[in-house]
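Take a look at the letters that make up each chain.
4 protein chains.
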Amino acid sequence: MVLKKGDYVVLFAEGKRHLIKIKEGYFHTHKDFIELTELEGKNYGEKIQGKRGCDFYILKPTIYDFLLKVERKTQILYPKDIGLILLKLEVGEGKRILECGCGSGALTCALAYFVGEKGKVFSYEREEAFIKLAQKNLSRLELQERVLFHHQEVRDSFEEEEVDGIFLDVKEPWELLPASHKALKGGHPLGILVPTTNQVSLVLRTMQELPFVDVEVWEILMRPYKINPERLRPEDLMIAHTGYLIFAKKVFSL
Amino acid sequence: MVLKKGDYVVLFAEGKRHLIKIKEGYFHTHKDFIELTELEGKNYGEKIQGKRGCDFYILKPTIYDFLLKVERKTQILYPKDIGLILLKLEVGEGKRILECGCGSGALTCALAYFVGEKGKVFSYEREEAFIKLAQKNLSRLELQERVLFHHQEVRDSFEEEEVDGIFLDVKEPWELLPASHKALKGGHPLGILVPTTNQVSLVLRTMQELPFVDVEVWEILMRPYKINPERLRPEDLMIAHTGYLIFAKKVFSL
Amino acid sequence: MVLKKGDYVVLFAEGKRHLIKIKEGYFHTHKDFIELTELEGKNYGEKIQGKRGCDFYILKPTIYDFLLKVERKTQILYPKDIGLILLKLEVGEGKRILECGCGSGALTCALAYFVGEKGKVFSYEREEAFIKLAQKNLSRLELQERVLFHHQEVRDSFEEEEVDGIFLDVKEPWELLPASHKALKGGHPLGILVPTTNQVSLVLRTMQELPFVDVEVWEILMRPYKINPERLRPEDLMIAHTGYLIFAKKVFSL
Amino acid sequence: MVLKKGDYVVLFAEGKRHLIKIKEGYFHTHKDFIELTELEGKNYGEKIQGKRGCDFYILKPTIYDFLLKVERKTQILYPKDIGLILLKLEVGEGKRILECGCGSGALTCALAYFVGEKGKVFSYEREEAFIKLAQKNLSRLELQERVLFHHQEVRDSFEEEEVDGIFLDVKEPWELLPASHKALKGGHPLGILVPTTNQVSLVLRTMQELPFVDVEVWEILMRPYKINPERLRPEDLMIAHTGYLIFAKKVFSL
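Protein chains in written order, with our numbering: chain A, 1 to 254; chain B, 1 to 254; chain C, 1 to 254; chain D, 1 to 254.
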């Protein structure tokens, strides 16, 4: 693929990834810099040399790279959690997935990517600024068309019915359990992320009264290693917590 | 969706999931049983009562359920690892993904599911028995068509070129790094799973000599919680280890 | 040290540790057995051969071995947690430590061992059967004299004053915070173990109203590795949870 | 206990612990400061007010506090690891414990504290600067007398015989296994810390050839929680790695 103005690339330089759009101007690292227009006409996998001699490798930006680099005004969902959500909610080709609380849109981007061309994401968010930010992040991936935003605070029900999966990333998800139940297809999955144990307890307590079964709570830890083959060991620090993931499936009655 | 003979469902009974195909015969749990033909004509989300009064909830089997329940003769890849692989290798609609070492076919199923109708998976395996098992597991998901198996031991090269991503799940993945480099598109990702630290070191050491950059090593831990809201706490036991995940991207020269 | 009847040894055979008292009779493993009186006159570090040819290594039983092998009727505290408690409560020579809830006496044994000859442990327990069990476990270590048991349910206060440290291992530790405050020396540490997050919240909420500062909550994970040098990797399973450790220090007023 | 010049206290202010020696001069936090001589005549558990109105709580410094605050020029052993070492090596009253590689002396301090008045620690270190630093750290705890330092690089043997336990914290501990075997009592424990998996493999490989049994490898993770009872959750970051702990016991022959 020959790169042209407007394309995104990952520049890998001095051991770090940088997600960059090709346009007029310069890109600077600590030690070196390049002119971005030099990227035009190159291919993924090539390298260009900085003005001071450092190597800048041109890599295909994956969905993983886009997720880590979303422009953010909120805490975002991380790949370690998104990966499990994709599997538990079966976010595949053609699926209609509803999310409430798009925040900066990291999960929105992942959902939109994995539902494919024929799928659809319905995203509810009460803060207009977050919708705009999520749209901006989606536009980098050219996925805006796959997402229908609802700028509203949900109380009793969502507008959609018979969706294939729902994910809630809001402060009080227990209040949205009846609406989620209404919108879901029978036997289909609901997912929730909350950062605190108090919220997990509240969700579980509310869920017990409603027709949801197959309830699970997980936390996922992702531990990085230094890549020296002769001195293999984990990094000194790791992320200790993002949130607890709760999953359940809707049934018609208990 | 009205269920008919040949369909798969998850039966949720006595706190456990069972992946079942609808056919003649019975399904037994510890305490109760049902006649499977009773499932015909039902919908996901409904329940039927066992002969001794227990509830059997009929749930949509997700890709997550299929992955956990693959028929296996080998160690399989688990959802915690597969989720990250999907993101790092960008296993989306239309992608051409190559794997070497299909084992029982858990990852093969996930790859085939997520590349979608227009995508393709190329799977190399030297044990014929494993290919047959993987095909059986794929057939439950009706995904056989998306996978091209190569029954061969790879040495110097794969048959495909310009693939979008490669995953190696073999004993000596360092021997396949040159072949993987050849088969990958420039700037595109390679993933590897190995169970031991010695293998991680060997992969990293070999990789240093080859044009791969953006190398990462991760391990993922998935910790389950008991779902009692008044006594929230992790389960007593968890899986301590499946393997180390190594990722890198191909460049044309270092 | 020449072993004699009544002494404890660890027999290490077929990859496992067995804590054994030397007396008349036999000791059986899966594959082999020995006559225990054969141990008399031997020294730690020697081995004897089983009747079927297996090696039985005679090892010094450490406090770690005794803690793992306490006879138990309850969940016990594990070394991973006890190790931190020893440091946070400064359970050293000559200290006067109070515990409430001795259970099977694992922590009681550790406290009694580490306070030394001049130290003292005060142990409150409402179940007489547990006191007897704890005493039995202490007697293996010949540490009964260092522990004063109170068979009573504590409400308003402990009998002791000016103790150097307190550990609570009871269902509702928040009810004992005022009594603990009364019994502790100024500026000295309190420790608590609870298995659920709900209990952690209740302890923290109660503590906020009382003159305790320097509050910390920890959980400790201990991950075992297989010991094959050519295939180094963690074991498949690990203990995912024992409890949350809460620590604080008493001040006279907030 | 009435505090006087030369005593150590922990000052707890603005949510942080500070280990301080009482002397002439001032102690500053971000927001406030006190005159240290104001501490004279106070007791642990009291508070004094800073010049700008903040509270400074006077706490008993525990061995845990001293270990975290050792003056350091090297990576130090952390309480999570030291706690387990105390139990595995049975570092109790009257024991004779040998360590090789004192570094900044954190473990040396813990060993010296827990062997008590009648115990002894033998510490080998080839860098004189480290011995001086360890002695300085010991002197804060008034434990210098309990430690005999050997300023030398060990090759074939240690000077002591029949010690109760040995801990190695050096780069190439496999080279000291024969010397450690010679110095240990039969059936008694050896402990080792190494940061990398390559070193673990090397130790295990060497150990296989020597009369050591009951070999274990552990890693310990300590995860901190935020202490808000209404929003209980782990901290964002945690230490991902300090080192691998290896333990074994000496036998006379395999």
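These are computed hints drawn from the structure, not numbers from a lab. Keep in mind that the hints are not guaranteed to be accurate.
If several chains are the same, the list does not tell them apart, and a pair holds so long as it fits within one copy or across any two.
Unchecked claim - Within a straight-line C-alpha distance of at most 25 Å, the following computed DMTMM-like cross-link-like pairs (lysine to aspartate or glutamate) qualify:
id	residue 1	residue 2
1	K51	E235
2	K185	E117
3	K132	D55
4	K185	E162
5	K23	E117
6	K42	D214
In this text the structure is predicted, and so the values were computed from the model without any measurement.
The hints, checked one at a time:
Taking the shortest alpha-carbon separations for K51 and E235, neither the intra-copy value of 32 Å nor the inter-copy value of 42 Å comes in at or below 25 Å. Taking CA atoms no more than 25 Å apart as the test, K185 paired with E117 passes in both settings, with 21 Å inside one copy and 23 Å between copies. Taking the shortest alpha-carbon separations for K132 and D55, neither the intra-copy value of 36 Å nor the inter-copy value of 45 Å comes in at or below 25 Å. Only within a single protomer do K185 and E162 lie at most 25 Å apart by alpha-carbon distance; the minimum there is 4 Å, versus 40 Å between protomers.
Within a single copy, K23 and E117 get their C-alpha atoms no closer than 28 Å, and across copies no closer than 35 Å, so neither meets the 25 Å cut-off. With identical chains, the CA atoms of K42 and D214 are at most 25 Å apart between copies only, with a shortest distance of 19 Å across copies and 50 Å within one.
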